[in-house]
Amino acid sequence: MEKMSDRELFSQITADDERAFTVFVKRYKDRLFNFVARIIPERETAEDILQETFLRVYNQRKNYSPDYALSTWVYTIALNLVRSELRKRKLRRYMSLDFLKEQSSDFMRESAEPLLKRGAPPGCGAEIEGWSVSGEELNYGLSSGLPATICLY
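Numbering-wise (the working numbering), the sequence shown opens with residue 181 and increments by one.
FYI, nobody ran anything at the bench for these hints, they're computed from the structure. Any given hint might turn out to be false.
Claimed, not checked - Calculated cross-link-like contacts (lysine-lysine; reagent style DSS-like; alpha-carbon spacing at most 30 Å): (1) Lys183 / Lys206; (2) Lys209 / Lys183; (3) Lys206 / Lys242; (4) Lys242 / Lys209; (5) Lys209 / Lys268; (6) Lys270 / Lys183; (7) Lys270 / Lys209; (8) Lys242 / Lys268; (9) Lys206 / Lys268.
Claimed, not checked - Label pairs and their computed distance ranges (CB to CB): (10) Asp247 / Glu224: 32 to 38 Å; (11) Asp196 / Pro221: 31 to 37 Å; (12) Glu232 / Arg272: 16 to 22 Å; (13) Glu227 / Glu182: 39 to 45 Å; (14) Tyr238 / Glu182: 14 to 20 Å; (15) Asp197 / Ser264: 27 to 33 Å; (16) Met184 / Arg269: 37 to 43 Å; (17) Glu188 / Asn243: 14 to 20 Å; (18) Leu271 / Lys206: 31 to 37 Å; (19) Arg269 / Glu198: 31 to 37 Å.
In this text the structure is predicted, and so the values were computed from the model without any measurement. Every residue, glycine too, gets a C-beta built ideally from N, C-alpha and C.
Kindly generate the complete structure, drawing on both the sequences and the hints.
Structure, rendered in structure tokens:
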């Protein structure tokens, strides 16, 4: 069975031969892992993607068309899983940056509020969303919706 071509091996897999699938996994696991690990360097995540690739290959074995190279089909499944992982990472990073932005805006507003209530001394300046504001203007307060950074100079 180890000497069978991919096409012959997969026809056995399609016929629900578990031994053939074991041979298939042994044949492809190192190559697929290296392929995934080049894009996803974290070993655990790469191994998870590899395992999910083999699960999908097995679950979709009846849908494989022998008109195409088996390796192309398998690598396409792995690549799609890698893309999904990268999308999840990008979304998580985007969401965490939004969270930090919200938190920092709240922190800045809370930090600036006591200073604004006391009134800024003349000659003190601040930047509000990129605009310089004099100390006298600060004495009039800020809208609670504006993030503020107090810059003494």
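Outcome of the hint check:
1. Of the supplied pair hints, the one linking Lys183 and Lys206 holds, its CA atoms being roughly 13 Å apart against a limit of 30 Å.
2. Taken as a hint, the Lys209 and Lys183 pair is honoured in the structure, with Cα atoms around 17 Å apart against an allowance of 30 Å.
3. As the CA atoms of Lys206 and Lys242 are separated by approximately 20 Å, the hinted pair is consistent with the 30 Å bound.
4. Annotation: proposed proximity of Lys242 to Lys209 holds, straight-line Cα distance about 21 Å (limit 30 Å).
5. Restraint check: the Cα-Cα separation between Lys209 and Lys268 comes to about 24 Å, which is no more than 30 Å; the hinted pair holds.
6. Taking the CA atoms of Lys270 and Lys183, the gap is near 42 Å; set against the 30 Å cutoff, the hint is violated.
7. For the hint pairing Lys270 with Lys209, the CA-to-CA distance comes to about 27 Å; that is within 30 Å, so the pair holds.
8. Pair hint Lys242 plus Lys268 holds up; C-alpha atoms about 29 Å apart against a cutoff of 30 Å.
9. For a cut-off of 30 Å, the pair hint linking Lys206 to Lys268 stands: about 29 Å separates their Cα positions.
10. A C-beta distance of roughly 36 Å is found between Asp247 and Glu224, which places it inside the suggested range of 32 to 38 Å.
11. Separation of Asp196 from Pro221 is about 36 Å and conforms to the stated range, judged on CB atoms against 31 to 37 Å.
12. At about 18 Å, the CB distance of Glu232 to Arg272 agrees with the hint of 16 to 22 Å.
13. Roughly 24 Å separates the CB atoms of Glu227 and Glu182, a value that falls outside the hinted 39 to 45 Å.
14. Taken as a hint, the range 14 to 20 Å holds for the pair Tyr238 and Glu182, whose Cβ atoms sit roughly 19 Å apart.
15. Taking 27 to 33 Å as the suggested C-beta distance range, the pair Asp197 and Ser264 conforms, at roughly 29 Å.
16. The hint said 37 to 43 Å for the Cβ distance between Met184 and Arg269, and at roughly 38 Å that hint holds.
17. Range check, Glu188 to Asn243: Cβ separation about 19 Å, and the 14 to 20 Å hint holds.
18. About 35 Å separates the C-beta atoms of Leu271 and Lys206, a value consistent with the hinted range of 31 to 37 Å.
19. Under the hint 31 to 37 Å, the C-beta atoms of Arg269 and Glu198, about 34 Å apart, fit the expected range.
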